[in-house]
Structure formats: structure tokens, C-alpha cells
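I would like the entire structure built from these sequences, with the hints used as guidance.
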Amino acid sequence: MKHSVTNVVIGGLGGQGVIKASDILADLVFSAGLDVKKSEVHGMSQRGGSVSSDVRFGANVFSPMVPPGEADYLVVISSDQVPVNQAALAADGVLIDDSKIDVSKLSNKKSVNVALLGVLSKHLDFSVDAWMAAILRNLPEKLHEVNQKAFLLGRNG
Amino acid sequence: MKVLLSGDEAVAAAAYDCGVELGTGYPGTPSTEILEEFDHLGGRAQWAPNEKVALEVGIGAAIAGGRTIVTMKHVGLNVAADTLFTAAYEDMNGALVVVTADDPGMSSSQDEQDNRRYAVAAALPMLEPSDSQEAYDFTRIAIEISERWNVPVLLRLTTRVCHSKTVVNPSGAPLPKTAKAYEKDIKTHVMLPGFARLAHKRLREKLAQIAQWNEESGPTRTVKGSSALGIITSGISFQHVLDAASEASVLKLGLTHPLPIETMRKFAAGVDRCIVVEEGDPYMVEQLRTAGVAVEDKASIFRFGEFNVDRVRRLIAGDTTPEAPPVPGKPPALCPGCPHRGIFETLRDQKCIVCGDIGCYSLGTLSPFDATDVACCMGASIGLGLGMRLTLPEEQAKRVVSVIGDSTFMHSGITGLVEMVYNPPPSGHVLLILDNGTTAMTGLQEHPGTGRTLDHSKTGKVVIEEVVRGVGVKNVHVIDVVANKEEFGELLKNGLEKPELTVIVARRECLLAVRSIREYERANETQCN
Numbered sequence: 000m001k002h003s004v005t006n007v008v009i010g011g012l013g014g015q016g017v018i019k020a021s022d023i024l025a026d027l028v029f030s031a032g033l034d035v036k037k038s039e040v041h042g043m044s045q046r047g048g049s050v051s052s053d054v055r056f057g058a059n060v061f062s063p064m065v066p067p068g069e070a071d072y073l074v075v076i077s078s079d080q081v082p083v084n085q086a087a088l089a090a091d092g093v094l095i096d097d098s099k100i101d102v103s104k105l106s107n108k109k110s111v112n113v114a115l116l117g118v119l120s121k122h123l124d125f126s127v128d129a130w131m132a133a134i135l136r137n138l139p140e141k142l143h144e145v146n147q148k149a150f151l152l153g154r155n156g
Numbered sequence: 000m001k002v003l004l005s006g007d008e009a010v011a012a013a014a015y016d017c018g019v020e021l022g023t024g025y026p027g028t029p030s031t032e033i034l035e036e037f038d039h040l041g042g043r044a045q046w047a048p049n050e051k052v053a054l055e056v057g058i059g060a061a062i063a064g065g066r067t068i069v070t071m072k073h074v075g076l077n078v079a080a081d082t083l084f085t086a087a088y089e090d091m092n093g094a095l096v097v098v099t100a101d102d103p104g105m106s107s108s109q110d111e112q113d114n115r116r117y118a119v120a121a122a123l124p125m126l127e128p129s130d131s132q133e134a135y136d137f138t139r140i141a142i143e144i145s146e147r148w149n150v151p152v153l154l155r156l157t158t159r160v161c162h163s164k165t166v167v168n169p170s171g172a173p174l175p176k177t178a179k180a181y182e183k184d185i186k187t188h189v190m191l192p193g194f195a196r197l198a199h200k201r202l203r204e205k206l207a208q209i210a211q212w213n214e215e216s217g218p219t220r221t222v223k224g225s226s227a228l229g230i231i232t233s234g235i236s237f238q239h240v241l242d243a244a245s246e247a248s249v250l251k252l253g254l255t256h257p258l259p260i261e262t263m264r265k266f267a268a269g270v271d272r273c274i275v276v277e278e279g280d281p282y283m284v285e286q287l288r289t290a291g292v293a294v295e296d297k298a299s300i301f302r303f304g305e306f307n308v309d310r311v312r313r314l315i316a317g318d319t320t321p322e323a324p325p326v327p328g329k330p331p332a333l334c335p336g337c338p339h340r341g342i343f344e345t346l347r348d349q350k351c352i353v354c355g356d357i358g359c360y361s362l363g364t365l366s367p368f369d370a371t372d373v374a375c376c377m378g379a380s381i382g383l384g385l386g387m388r389l390t391l392p393e394e395q396a397k398r399v400v401s402v403i404g405d406s407t408f409m410h411s412g413i414t415g416l417v418e419m420v421y422n423p424p425p426s427g428h429v430l431l432i433l434d435n436g437t438t439a440m441t442g443l444q445e446h447p448g449t450g451r452t453l454d455h456s457k458t459g460k461v462v463i464e465e466v467v468r469g470v471g472v473k474n475v476h477v478i479d480v481v482a483n484k485e486e487f488g489e490l491l492k493n494g495l496e497k498p499e500l501t502v503i504v505a506r507r508e509c510l511l512a513v514r515s516i517r518e519y520e521r522a523n524e525t526q527c528n
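As they're listed, the protein sequences go chains W and X. Under numbering that gives the first Met the number 0, the residues of the first sequence are numbered 0 to 156, in order. Under numbering that gives the first Met the number 0, the residues of the second sequence are numbered 0 to 528, in order.
What you were told as hints is all true, and nothing was included just to trick you.
The calculated lysine to any residue pairs, modelled on SDA-like cross-linking and capped at a C-alpha distance of 20 Å, are:
id: 1; chain 1: X; residue 1: Lys1; chain 2: W; residue 2: Ala58
id: 2; chain 1: X; residue 1: Lys1; chain 2: W; residue 2: Ser30
id: 3; chain 1: X; residue 1: Lys329; chain 2: W; residue 2: Gly14
id: 4; chain 1: X; residue 1: Lys492; chain 2: X; residue 2: Pro392
id: 5; chain 1: W; residue 1: Lys109; chain 2: X; residue 2: Leu510
id: 6; chain 1: W; residue 1: Lys141; chain 2: X; residue 2: Ser515
id: 7; chain 1: X; residue 1: Lys329; chain 2: W; residue 2: Gly48
id: 8; chain 1: W; residue 1: Lys99; chain 2: W; residue 2: Ser77
id: 9; chain 1: W; residue 1: Lys109; chain 2: X; residue 2: Pro335
id: 10; chain 1: W; residue 1: Lys148; chain 2: W; residue 2: Ser126
id: 11; chain 1: X; residue 1: Lys329; chain 2: W; residue 2: Val81
id: 12; chain 1: W; residue 1: Lys109; chain 2: X; residue 2: Cys334
id: 13; chain 1: X; residue 1: Lys329; chain 2: W; residue 2: Ser77
id: 14; chain 1: X; residue 1: Lys1; chain 2: W; residue 2: Ala129
id: 15; chain 1: X; residue 1: Lys329; chain 2: W; residue 2: Gln85
id: 16; chain 1: W; residue 1: Lys108; chain 2: X; residue 2: Pro335
id: 17; chain 1: X; residue 1: Lys1; chain 2: W; residue 2: Phe61
id: 18; chain 1: W; residue 1: Lys109; chain 2: X; residue 2: Leu511
id: 19; chain 1: X; residue 1: Lys1; chain 2: W; residue 2: Arg136
id: 20; chain 1: X; residue 1: Lys492; chain 2: X; residue 2: Ala396
id: 21; chain 1: X; residue 1: Lys329; chain 2: W; residue 2: Arg46
id: 22; chain 1: X; residue 1: Lys329; chain 2: W; residue 2: Gly13
id: 23; chain 1: X; residue 1: Lys1; chain 2: W; residue 2: Ala31
id: 24; chain 1: X; residue 1: Lys329; chain 2: W; residue 2: Ala86
id: 25; chain 1: X; residue 1: Lys223; chain 2: W; residue 2: Asn59
id: 26; chain 1: X; residue 1: Lys1; chain 2: W; residue 2: Asn59
id: 27; chain 1: X; residue 1: Lys1; chain 2: W; residue 2: Asn137
id: 28; chain 1: X; residue 1: Lys1; chain 2: W; residue 2: Asp34
id: 29; chain 1: X; residue 1: Lys1; chain 2: W; residue 2: Ala132
id: 30; chain 1: W; residue 1: Lys141; chain 2: X; residue 2: Arg514
id: 31; chain 1: X; residue 1: Lys329; chain 2: W; residue 2: Val40
id: 32; chain 1: X; residue 1: Lys1; chain 2: W; residue 2: Gly32
id: 33; chain 1: X; residue 1: Lys329; chain 2: W; residue 2: Pro82
id: 34; chain 1: X; residue 1: Lys329; chain 2: W; residue 2: Val83
id: 35; chain 1: X; residue 1: Lys1; chain 2: W; residue 2: Gly57
id: 36; chain 1: X; residue 1: Lys329; chain 2: W; residue 2: Gly47
id: 37; chain 1: W; residue 1: Lys141; chain 2: X; residue 2: Glu518
Calculated from the structure, these hints are not laboratory results.
The following block contains the structure:
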């Protein structure tokens with residue numbers, strides 16, 4: 000059962016682009032024709048508190064929430080939020096946090112979220128073109144270039 | 000064409016596709032996005048001052064023959080409950096769908112009440128979607144039921160249905176309107192006792208017919224599995240069940256009031272073990288047991304919080320080992336530079352006893368402010384403060400301050416203010432109205448005090464200080480605390496020392512909203528010229 004669905008949890012603090020990153024990922028896999036569910040909690044958590052978003056995709060997805068301890072990938076935008084989200088990760092899951100990229104090479108620090116999607120992309124079977132298209136669809140035009148670069152930094156790092 | 004939508008967006012899309020003529024409500028997580036999306040799609044959507052008024056506008060529109068949707072969070076239905084119960088007796092000519100968005104686990108609420116209880120108490124049909132596709136389909140069914148039986152219909156969402164994005168294939172098909180034209184009919188539209196006695200009987204008859212329809216052709220789903228384990232479920236719990244117990248037979252209800260009891264009885268009889276997996280209250284369990292259907296209930300620990308796949312697995316296994324509390328994350332906080340900050344620092348430093356209210360400024364309760372003493376529900380700050388003033392020893396009573404936001408004041412603070420003038424405590428009272436020009440916590444919605452409608456265009460503006468003076472308060476001050484923190488401290492101190500009524504309107508726009516507010520103002524000016 001478990002391997003028919005890929006589970007990704009994205010964590011961080013309100014305002015760091017957790018939900019934007021999960022929007023991009025969900026859009027990518029949806030455009031590839033897969034079933035996908037994405038879930039998070041809005042509201043008070045947006046006032047700078049801890050936020051996490053679950054994305055599940057595969058042939059057929061039921062619960063929109065990643066079961067605890069079953070995330071194949073845990074993407075954490077600020078590493079201080081790793082302990083808060085650690086319980087989501089499977090024993091053989093992959094942790095992707097901001098230590099995986101050279102943050103000083105980002106022209107805009109707010110694009111860490113997309114840079115980490117670049118790291119995630121190395122583990123998933125979608126083309127760079129498909130990723131780029133999903134990024135562009137989910138961001139305003141003035142942010143396109145900086146986020147394309149951020150994605151490639153993560154992807155090629 | 001398939002699309003990826005949140006449950007809220009799917010409800011809005013269905014309302015739009017079905018030709019709903021009016022959407023009204025009050026913002027509240029997790030329901031807020033429904034009306035915003037309905038507006039975005041081109042529907043007529045408007046914020047009301049509160050849920051009760053929204054429902055009344057919706058009933059008026061439905062009696063007049065319109066298709067209407069009224070949205071609110073679960074606790075909003077408490078505010079609208081008086082209206083709801085009698086609306087159930089009155090015949091809707093058009094359609095009235097009341098969306099209640101419940102918040103099991105209280106991700107952004109003060110309680111986790113289960114509003115399926117309202118369906119029973121008010122004797123109204125209720126639909127519960129489990130994903131965005133059903134949110135779309137059930138909105139349409141709700142309109143059909145409402146028009147067929149001339150009855151308001153409750154559509155109950157929960158946080159994970161509202162805010163999860165799932166794949167939807169919208170039919171997009173138009174829904175032919177069956178509404179009668181409005182004609183005066185006092186027997187069905189004025190609930191004098193003589194008419195209401197008959198109306199109650201009609202309502203019960205409608206419910207019996209809807210129950211029969213639910214048995215025969217309701218939106219019930221069955222998943223064939225092993226006869227060893229049968230699970231009865233509804234809403235988001237269904238999705239968790241499919242992951243947690245792929246071997247089980249499942250009966251999943253869509254219309255959860257009135258329940259198709261005979262269908263459920265038959266299902267339970269066909270399996271060795273039948274357990275009800277329902278988030279929140281044991282609502283279906285109680286209904287089934289009353290009807291003489293033996294089913295297993297969840298252990299009491301699963302009454303609390305929201306479900307996930309792991310909890311549902313343990314629920315089914317009867318595993319009641321204490322659950323490890325989640326690792327605490329960083330709590331939310333007032334934004335750096337938030338205009339509320341200086342106010343709560345002053346309240347803390349002056350050792351006030353603070354009766355707070357619902358909004359971002361609830362965060363004044365937490366460190367480093369630790370300012371708020373008591374809070375309850377929307378608009379309660381004023382009444383709570385007056386009660387404390389009347390009861391505490393004088394030295395403490397003099398330190399009591401009520402604190403309410405601008406949108407919450409419009410929602411249900413004005414009647415509290417009337418009470419303050421009508422029954423003033425001997426020590427007087429001090430009310431702070433924090434006017435940041437938006438409904439901030441729910442995501443920057445307009446309200447009657449902003450002078451702009453849901454879509455940010457210009458409209459009549461209710462001016463807070465004029466309301467306060469109009470009600471009869473003499474000491475009314477308006478101040479920008481960011482620019483004049485010391486002066487604010489003096490005003491507060493003077494107010495607390497006098498046995499009089501003082502209202503201080505602290506006006507400074509929310510940092511997150513100020514740029515958009517300027518844009519709306521510019522756009523509205525251009526349009527007016």
C-alpha cells in the first residue's frame with residue numbers, strides 16, 4: 000500500500016513559503032496526471048508560528064494527511080523546525096533542510112522554499128521543464144527569474 | 000476538465016455553476032475562502048456584520064425565491080442559531096444552503112463543537128462531504144433538496160475538507176430553477192404560535208420524506224470488503240478509513256441527517272463486527288443505538304482532536320495507549336511592528352485585568368505581553384468586563400479593561416456597549432476598540448467599519464466613534480498608539496481612575512493590510528471621479 004503513494008511533508012514558519020511550495024508540488028504532480036491531495040492548517044499558524052503542509056500523490060490517494068512516520072520526504076525550510084516535524088518522517092525517509100543548499104548563493108532569501116523543491120526534484124521522476132512550468136504558474140511574473148535560479152541551485156547543488 | 004480545488008473553492012464553484020444568486024456570511028477559519036472564491040468567480044458575495052444577520056439576509060432571499068448560500072465557521076452557527084431554528088419552520092421558495100465549517104482539533108478556534116448536533120436540534124437535513132469532489136457535488140444536492148422540500152439545508156465541512164486540495168471533475172451542468180415566485184403566505188412565513196404548530200408538523204413530515212429519499216437514493220457509498228469488519232463513517236473520516244482499513248467493508252454516509260437507519264441496520268447485520276468511525280461526538284452511534292442497531296463506539300480518547308490515518312488504525316484496533324503529545328512548534332505571535340503590540344505592553348505594565356476577544360489580539364494573552372486574563376467568544380469582552388467590574392473588590396474592579404477589535408465590535412460588540420451604558424458598574428469601565436482597519440486573523444477581510452464591500456469597492460461606512468457617542472458614552476478618544484504610546488498610557492490611566500465610562504479607539508492599520516488598503520482607496524477614488 001505504502002509504496003503506491005508518495006508522501007511529502009513541507010514544514011517551516013508562517014511567511015516562509017511552506018504553502019506556496021506545497022502548491023507548486025501539488026500542481027506539478029496534478030499536471031502529470033496523478034491523483035494528489037494536499038492538506039494544511041490555515042489560520043492562526045500564519046502569524047509566524049510553525050506551519051506544515053502535506054502533499055500525497057500516486058495512482059489513488061485517500062486521506063489528505065500524511066500518516067505520522069510515513070513521509071518519504073520531509074522538506075524543512077528553516078532547520079530549527081526539524082524537531083517539530085521529525086515525527087512525520089519514515090525511518091527510511093529523506094530529510095531535506097536548508098543545510099542542503101548554499102543559502103548565500105540565493106539572490107533572494109525568500110526563495111529558500113523553491114530551492115529546496117530543487118533538491119527534492121532530484122528524488123522524484125518529473126522533468127525540469129515540468130517543475131519550471133509549475134513554478135511559473137504559481138508565482139507572479141516578477142518573481143519568476145529569482146525562483147527559477149533558486150530551483151536550479153537546489154537541483155544542481 | 001479536472002481541476003485541483005480546496006473544499007472551500009469547490010463549494011464556491013458548485014454554487015456558481017448552480018446559479019446561486021447570493022452568497023453571504025461572516026469570515027471565520029476554515030470557511031472564509033468560500034465567499035471570496037464565489038466573488039472571484041463572478042457571484043454576488045457579501046460579508047454581513049455577523050452570522051445571524053447573514054442568515055437572515057439569506058432567508059429573505061430564499062423566501063423571495065432566490066438561491067442562496069450562507070457561510071460561517073462552526074461557532075458562527077451559535078450566533079445564527081436563533082434564526083436557524085425558526086427558519087426551519089418557514090417555507091423557502093428558493094434554496095437556502097447554510098455552510099458550517101467545523102474545526103475538530105481547534106486549529107484556529109476556541110472549541111471543537113460538532114455541528115451535526117444542530118441538524119438534529121433544528122430538524123434540518125445535513126450533508127457532509129469527504130473531499131472537494133463531494134463538496135462540489137453535495138452543494139448541488141443541498142440546493143436540490145432545499146428547493147424540493149422548501150427547507151434550509153446544512154452543509155457541514157471540517158477543516159481538512161475545507162483546506163485540503165483534491166482533484167475535482169466539476170459537472171458544470173446548469174441546475175434548472177424550480178423556485179416558485181414569491182407570494183404572500185403568512186401561514187408559512189410568519190411563525191405566530193398558531194402557524195408554527197402546523198409548521199412544526201410539516202417540518203417533521205418533510206424530514207420523514209427526506210429520510211426515505213436518503214434510504215432509496217441518498218448520496219451513500221459502500222465499499223465492499225471482508226464481512227469480518229464493517230465500518231460506518233462519514234466526512235473526512237471516510238478517507239482515513241480507506242487508508243487505515245483497506246480490507247474492511249465500509250458504509251459511508253453523505254446525508255447524515257436524517258440518517259438512512261434501515262440501510263445502516265442492514266449493513267451492520269451483514270458484518271461480524273461493526274464499528275462507527277466518526278470524528279467528534281458519537282452522533283451516529285447514538286442514533287443507531289436508539290434505533291436498536293448494535294454498533295461499536297470509539298474509545299473516549301478518540302473523542303478529542305482530529306483524526307488521521309494512524310489514529311483511525313488505533314481506534315479500530317481498540318488501542319487506547321496514551322497518545323504522545325505532538326512536539327510543540329513555535330506558537331503564533333503578533334507580527335513585528337503590529338500596532339497591537341504597544342497596547343498590550345501598556346496593559347501589562349499598568350497591571351490591568353484584561354477581558355479580551357476573538358482576533359489577532361488573542362495573541363496578547365501570550366508572552367511577552369501576558370496581558371489577557373479572560374476571553375470567551377466573539378463580542379464577549381465587554382460583557383465579561385462589566386460582570387467582573389460588578390463583582391470584584393473595588394481595587395481590582397478599577398483595573399478591568401475590555402479589549403475588542405474593529406470587526407468583532409461590528410460583529411457583536413455593539414450590544415455589549417449598550418449594556419455598558421445601560422448598566423454601568425459603580426467603578427465605571429474602560430473599553431479599548433483596536434481598529435486596524437481589517438478583519439486580520441481570518442485573512443484581511445472587509446467589514447462595515449472599513450467602508451468597503453467584500454470585493455473592496457466603496458460602500459457606506461460605520462464609524463466606530465460615532466456609534467460609541469451615539470450610544471451615549473461621553474469619554475471617547477481616538478488615538479494612534481504607535482505614534483503616541485505615552486499619551487495612550489495617560490489616557491488609559493485617567494480612564495481607569497475615573498468612575499466613568501471611557502472608550503478609547505486605537506486606530507492604526509494592520510501592517511499586513513496597509514498596502515492593499517491604499518490600493519483599494521486609490522481604485523475607489525479613480526472610480527468615483
